[in-house]
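We have chain A already, so just place chain B on it with the hints.
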Amino acid sequence: MFRSKAFSLLKPIPWVPGQPNLAYTFIHPATASHGHRCHRRSVDYRQRYRTCSGSAGGRIISAPQTKVMAEEELPGVLILDIGGTHGVLEDLAALLKKHFRLITMKEFLENKKEMSTKIQSVFVFECRPTIDQELLESLPNLKVIGNSGVGVDHLDLKMISNFGVKVTNTPHAVADPTADIGVALMLASARRLVEGCQIAVSPDTKYFAVDWLGVEVTRATLGIIGMGSIGYKVAQRARAFDMRILYHNRNRRRKEEEEAVGARYCEKMADLLQQSDFVMVVVNLTPETRKLIGKKELGLMKPTATLINISRGAVIDQDALVEALQNKVIRAAAVDVTYPEPLPRDHPLLKLNNIIITPHIGTATVQAMRMMAEEAIANILAVLNGQPIPSEVFPK
Amino acid sequence: MEGQELPYVLVDCIGGKHGVYEDHVEFLEKHFRLITMKEYLENKKFLSEKIRAVYMWYHKPVINKELLQSLPNLKIVASSGVGIDHLDLNLLSSYGVKLSNTPFVVSTDSADLGVALMLASSRRLVEGHQMAVSPDTEYFPADWLGAELSGATLGIVGMGTIGYKVAERAKAFEMKILYHNRNQRNKEEESAVGAIYCKKIDDLLHQSDFVLLSVNLTPQTHKLIGKRELELMKPTATLINISRGLVVDQDALVEALQNKVIKAAALDVTYPEPLPRDHPLLKLKNVIITPHIGSATKKTRRLMMENMVESIQAGLTGLPIPNEVSL
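Protein chains in written order, with our numbering: chain A, 1 to 396; chain B, 1001 to 1327.
Extracted from the complex, chain A is given alone in its bound form (with noise of 0.2 angstroms):
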């Protein structure tokens, strides 16, 4: 698995002529999320705040108090594009205009001789543009590959790591959001709301029948596989429903964490597959947690139980998620990622009614785009500063 340095507030730099950007401060979800009432939204990138020391808060707000650079003594940031349907949103764009140099894939290929010795980092945004050799061996001052977004599955650290290039991850921006969206997906299987909605509105709907039920969630047993920085959010909030929640993960949780939302630790996996009403895949990809779902794991879980996966697409054994449904080995599934995406349109998980599968939209809010964005901009520009870099990802 990927070792990920977290660090916590950056202290503030003075500006050194000749550099860009610096200062870059950002709240610690720890500080966050400790009952301060430390609103997650509360970075402010702008250069005209001043510095000022943490507050019981915990608020730093960044204050480089840098002369307006000219665009071009940026450093040259490499993006797919800006807009349409893959590139970077305008918003986010514009954000990182202030720290840097946007050069678009389109621009590079048509310009390589003066663009490739300016490209100091690429930005990587849902995955875009793709980080292969060519490409490496064609940016001679790349840095750092900032991705946007905590999953790496999509890149190869080791080969990125022999050019001597570094690779930076969000890890806190998308903890919050994408813990809210596993248990929309918890509620909205369980009571059958996507099915429901389309009885409301169906022109055959003549009557609700009052035999048309779904299961319970207050009170029941929800089952978290990998208690990360997001699972134990699901946590936080599955405790509030009154669920009783087993946790399964690489090391065992400290005993205040657990005791905090109520966890009990099954260290076999098969335990908490039996004893759960949901199961929450909430891991990130590995080769060791390919496949970690399969047929085996899908038997033990028992033929009442929701399977949600907020993970990625490959934990799951698709082939024997979609038998599993089938046949009623479990009762539903509700996933926000599967492999590929999107599925094939003949995919038979299409065809299931006892599926929810949502576009992947764990991080899709105008807050998280703008706070994976925040967090990018200051994992690169510690990189590119040789300052302590926040979320760091290492090739195992």
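To be clear, the hints were calculated from the coordinates, so they are not data collected in a lab. No experiment lies behind these values; they were computed from the predicted model shown.
Here are some chain A residues pointing at chain B (derived, C-beta under 7 angstroms): (1) 89; (2) 180; (3) 187; (4) 191; (5) 193; (6) 196; (7) 237; (8) 345; (9) 357; (10) 365; (11) 366.
Cβ atoms here follow ideal geometry from the backbone N, Cα and C, with glycine treated the same way.
The following block gives chain B in isolation, referenced to the frame of chain A:
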């Protein structure tokens, strides 16, 4: 109890789309002799004297003057669910018939559904699913976004049992919680969920990103949310209704949604249910409607049935009736 006959209890029918659940019958028949409306009508003369209770499952059988007049020994009507707006309380009272409902058992499921609707609406879950499975989908666009709950303000109108449980759940999503209620809750209750009282509903409407209705339907709450209230809401706000359809002025809601006076609505209840198939609410993209499933889980419906049995038994033996509704 040997030799004693089980009490005769009237039900509408068993099984099918409206009837008493088949898997509840075994339990019911341990305590009662169930008489369906069909059996009753076929043998009125004999059965009308015997029937001492009505087991009203999802508003059936309908209790009207005619029925009450022909059941001289009727002591109690047990109604499923917490809402009693479908009953004529004065009529029951005038015949000396007692009434029970099932208030507490529905509260967690209803609160869960309220939160489910709020999440589904803000994250555009139903739309998202449709996109994920649509034959026309070729890719997932990057600029397709919803809104977060974290840091948003939830205004709960009606902080009874259900409203309070919604607050308990919303707190875990780091929402700011406001509430409006006939009476202010005590300080401990408020601070347990971090809820701030808004004496005036207008204050709540002005500040909320999500407005959730969890009041019961009474003459006072009929059309509680109308054109004026919708206009007081933020244009980025979502209305969630888990009360009764009539708490909202539906025509005003349609207009507000069409003109983007508010952003969206998520409704488990409408008036009537179901809506006519040509109703404008069914065509709006920014509305989710569920078919009144607030308490539609196996466990809860079973508990409802058991509660109703208890209430009927108490009503027939002259003991204090659990969940009695004062008439």
